[in-house]
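Trainee: Generate coordinates for the entire structure from the input sequences, incorporating the hints supplied.
Note that the protein sequences, when read in sequence, are chains A and B. Its first residue numbered 1, the first sequence is counted upward by one per residue in our numbering. Its first residue numbered 1001, the second sequence is counted upward by one per residue in our numbering.
To be clear, the hints were calculated from the coordinates, so they are not data collected in a lab. A quick note: this is a predicted structure, and the numbers were derived from the prediction, not measured. Some hints here could point you the wrong way.
[Stated by the list, open to error] With a cut-off of at most 25 Å between alpha-carbon atoms, the simulated DMTMM-like pairs for lysine to aspartate or glutamate come out as follows: (1) B:K1166 to B:D1267; (2) B:K1168 to B:D1268; (3) B:K1190 to A:D179; (4) A:K62 to B:D1088; (5) B:K1190 to A:D221; (6) B:K1168 to A:D157; (7) B:K1166 to B:E1293; (8) A:K209 to A:D221; (9) B:K1190 to A:D165; (10) B:K1168 to B:D1267; (11) B:K1168 to B:D1292; (12) B:K1247 to B:E1223; (13) B:K1190 to A:D157; (14) B:K1168 to B:D1191; (15) B:K1247 to A:D179.
[Unchecked claim] One-sided excerpt, in silico: chain B residues whose CB lies under 10 Å from chain A: (16) Q1079; (17) I1102; (18) L1106; (19) G1263; (20) T1401; (21) Q1422.
[Said to hold, decoys possible] Okay, the calculated bits of chain A under chain B, using three or more residues with CB under 8 Å as the criterion: (22) 171-178; (23) 274-286.
Every residue gets a Cβ at the ideal spot worked out from N, C-alpha and C, and that includes glycine.
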Amino acid sequence: MEQSGLGQRPLRPPQLSRPSRPARPVRRGPSGRVQPVAYLYLLPAFSFFAVFAVAPLAHAFKLSFYEWNGITDQVWVGLDNYVTVFTDPDVRAALWNSVILIVFYAVLPICVALVIVGLMARVRIRGRTAFRAVLFVPTILPLTVVAVAWRWVYAPDGPLNFGLDLIGLDFVSRAWLGDFTFALPSMGMVGTWVTFGLVFVLFAAGVQKIPSQLYESARLDGANMVREFFAVTLPALRGEITVALILTVTAALRNFDLVFVMTRGGPGTNTEVPSMFIYRSVFQIRSIGLGAAIGVILMLELLAVNLAVLWYRRRGDLSA
Amino acid sequence: MRSRSLSRVVKILAVILAFMLVSAACSGDDDTADGPVVLDVLAEAGDEATLELATAQFTEMYPHVSFNITLRAFDDYMQIAPGILSSDDPPDIAHGNQGYTIDGLLVQGGLILPLDDYAAQYGWVDAFGDGTLDQYRFTEDGTDFGNGILWGINGVAEFVGVYYNKEKLAALGGLPATFEEFDALLAAAKDAGEVPIQLGNAEGWPALHVYGMVEAAYRPAAEIRDWVFGEPGATVVTDTERQAAAKFEEWRDNGYFPEGVNGIAYDDSVANFIAGEGVFMIAGNWNTATLDEGMGANAGYFAMPVGPSGIVGGTAALALPWHITTSAEDPDLAAEFINLLVSEEFADDLASVGRVAARSSDTEIEGLLAEVTAGAAAVIADEGVTLYADWATPTMFDTLTSKTQELLGGQIDGEQFLNDVQADWDAANG
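Mentor: So, in structure tokens, the structure goes:
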């Protein structure tokens, strides 16, 4: 019961990177037991959650075991839809594409943001607030707007190619989104552009709460910039990195808007993602069970990745 | 985050449900007294002007009838229409779409009425020519496309043909009378430093319309129709079709299409053509108004001459079928209205809103639309209609869009293209 009162806090180095674990959330009665009335307070939020999240989820799960076109009777097919999903090479390719997109949506922006944040710890940047606001703009833009804008940027006679031609790189310019090699990376870069602002602002805020004494002592100990980054900045940002990972990985895996507006999965099947298959299965092929099955698998994939991130973080916490 | 990670299906179903509730709420008070009758029409938004004209005429003939029209843009329409038709408050008249995914579904669900009796009563089959209406036929169980009962009809032609830049073509030669002449003009255009065929294939289906023309040049239209309708033994892996695929590859390799064709959006390609890039553009007649506005007298149109004999043909069909729903309160009245839409008299009105009537129209139409209408009439007269290949199976649209991109991008060759497409067909019809 070390968190029973501030005065009794044992003399330990302050926990810098994360807020101390909150006190137990449930209010206890005199006997130390949960008062039943406490659950009443949960009811409004939970009923909302149940109606709009749990019920549809359960319904989709049920539908994934049926063959159904939306009109005629549902036919129980057991695991057939799942078998179809796992034996269809196109779906497997789409799942793999979504993994590649994680690199662009999550890994790349986090790495770049960490480097910049590390630099900022040493170098004073003028107009930091304005800088941050501008970087955050892509995050608040609707993705369809982003997609339309970037489709224009990547167009054969768009600004990107114009710029490349201008500086003599005309052999590089191409129809980016129609190119079998570059379509997926091109779309991925848009994801990086979108998520970078969020990640950067998260990290920048995280850095600000690191006490400057830590940097001072690191510098007194003769740490150079790189050493300082790994010894002070990075450990302090672990909480922010976890949040950033969860948000960006989720965005990568459930990516639909960008693909739908920019390429519809093309050229060929090069930028196919699972959510496009859900859309097609339900609205074009009208195989709602198949769409539901892909949806369930996508959800499990998301859940697994996020749990892995959380588990890794918790393990880090315990060993710290 | 949990709610966000929900499957999209559920979200989309929720949207449909919401829409059904709203539409039910909006149309709940239609059924008033005995005298006045309200016809509920659910239509694709492209027919807004058509419906305005038709309903005005119909109300003049039947003053007690009024209309309640709901319009939705194409993509939306195809997503929500089956749901609305199977809801508790369906419309009396609604658009469908040829093929398994919409019309087949509506027939299977028992949501629309057979029109054979009305067709006999109004003489539709004779008027449109034998076979033309097969695209609206399904067997009673909704599984055999192109055969059996007539479930819908539309009098508007949606034909793919060849638009051309008159100035540029004049510099190269005259109108081609045969496919060989057309091919030669492409080579001449390339030599002259022009883009022979304007095309933007970011969506995948625009190139399909071009391929359909080449296909029609090498195979009889009836064979292609049989394949679309899933007749036993039909295949695209034949020697004649290989020649077509090889010709398409030749066009690709010769650089007859714009550079980066898979990265150009369809709308942008139309804009490029208007701006003077491209001698020809093989595209649907729904572009007529846009081109007329953008190019004026410099835009021309002809039906593709398929083969050496000079007959014309190619990818073409009639527009989205009008259906009468099984819950229509007065099916006879609904049929009367549909007959007005497809009647010869209404053909002139169709032209006035820029649509091409499949039944010949006597009025003087001017400009590009006249050429387009003449082209459509010629294709019908030559029995060159090959329908839309993506109707063949529920998954064919996706297969064809990705495969044409791969073919144009050089990822696969013509032989692979045909094998992949046939594999889809075999899976559905085997």
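Trainee: Each hint should be assessed against the structure and marked as holding or not.
Mentor: Hint check:
For the given pair, B:K1166 sits about 21 Å from B:D1267 by alpha-carbon distance, which is consistent with the 25 Å threshold. Between B:K1168 and B:D1268, the direct Cα distance comes to roughly 20 Å. Compliance with the 25 Å bound is thereby established for this hinted pair. A threshold of 25 Å between alpha carbons decides the hint, and for B:K1190 with A:D179 the separation of about 23 Å falls inside it, so the pair holds. Straight-line distance between C-alpha atoms of A:K62 and B:D1088 comes to about 24 Å, which keeps the hinted pair within the 25 Å bound.
Our distance criterion of 25 Å between C-alpha atoms is broken by B:K1190 and A:D221, whose separation comes to about 72 Å. This hinted pair checks out: B:K1168 and A:D157 have alpha carbons roughly 22 Å apart, not beyond 25 Å. For the hint linking B:K1166 to B:E1293, the alpha-carbon distance of about 15 Å falls within 25 Å, and the restraint holds. Using a Cα cut-off of 25 Å, the hinted pair A:K209 and A:D221 holds, with the two alpha carbons roughly 21 Å apart.
Between B:K1190 and A:D165, the direct Cα distance comes to roughly 24 Å. Compliance with the 25 Å bound is thereby established for this hinted pair. For the suggested pair B:K1168 and B:D1267, the alpha carbons sit about 21 Å apart, so the restraint of at most 25 Å is met. Among the hinted pairs, B:K1168 with B:D1292 is consistent with the structure: their alpha-carbon atoms are about 16 Å apart, no more than 25 Å. Restraint check for B:K1247 and B:E1223: the C-alpha separation of about 19 Å stays at or below 25 Å, so the hint holds.
Annotation: proposed proximity of B:K1190 to A:D157 holds, straight-line Cα distance about 20 Å (limit 25 Å). Between the alpha carbons of B:K1168 and B:D1191 the distance comes to roughly 13 Å, so the proposed pair stays at or under 25 Å and holds. With a C-alpha separation of about 23 Å, the suggested pair B:K1247 and A:D179 falls inside the 25 Å cut-off, and the hint holds. Against a cut-off of 10 Å between C-beta atoms, the interface hint on B:Q1079 holds, since the closest Cβ of chain A lies about 5 Å away.
The closest approach between the C-beta of B:I1102 and any C-beta of chain A is roughly 8 Å, which is under the 10 Å cut-off, so the hint is satisfied. Taking 10 Å as the C-beta cut-off, the interface hint given for B:L1106 holds, the closest approach to chain A being about 8 Å. Hint on B:G1263 holds. Least Cβ distance to chain A is approximately 2 Å, under the 10 Å limit. Below 10 Å, beta-carbon pairs count as interface contacts, and B:T1401 has one with chain A at about 7 Å; its hint therefore holds.
Given the 10 Å rule on beta carbons, the hint for B:Q1422 is violated: about 17 Å separates it from the nearest Cβ of chain A. A stretch counts as covered by a chain when three or more of its residues have a beta carbon under 8 Å from one of that chain; for the region 171-178 of chain A and chain B the count is 5, and the coverage holds. Closer than 8 Å: that is the beta-carbon criterion, and the region 274-286 of chain A has 9 residues meeting it against chain B, so the requirement of 3 holds.
Of the hints listed earlier, those the structure fails to meet are numbers 5 and 21, in rising order.
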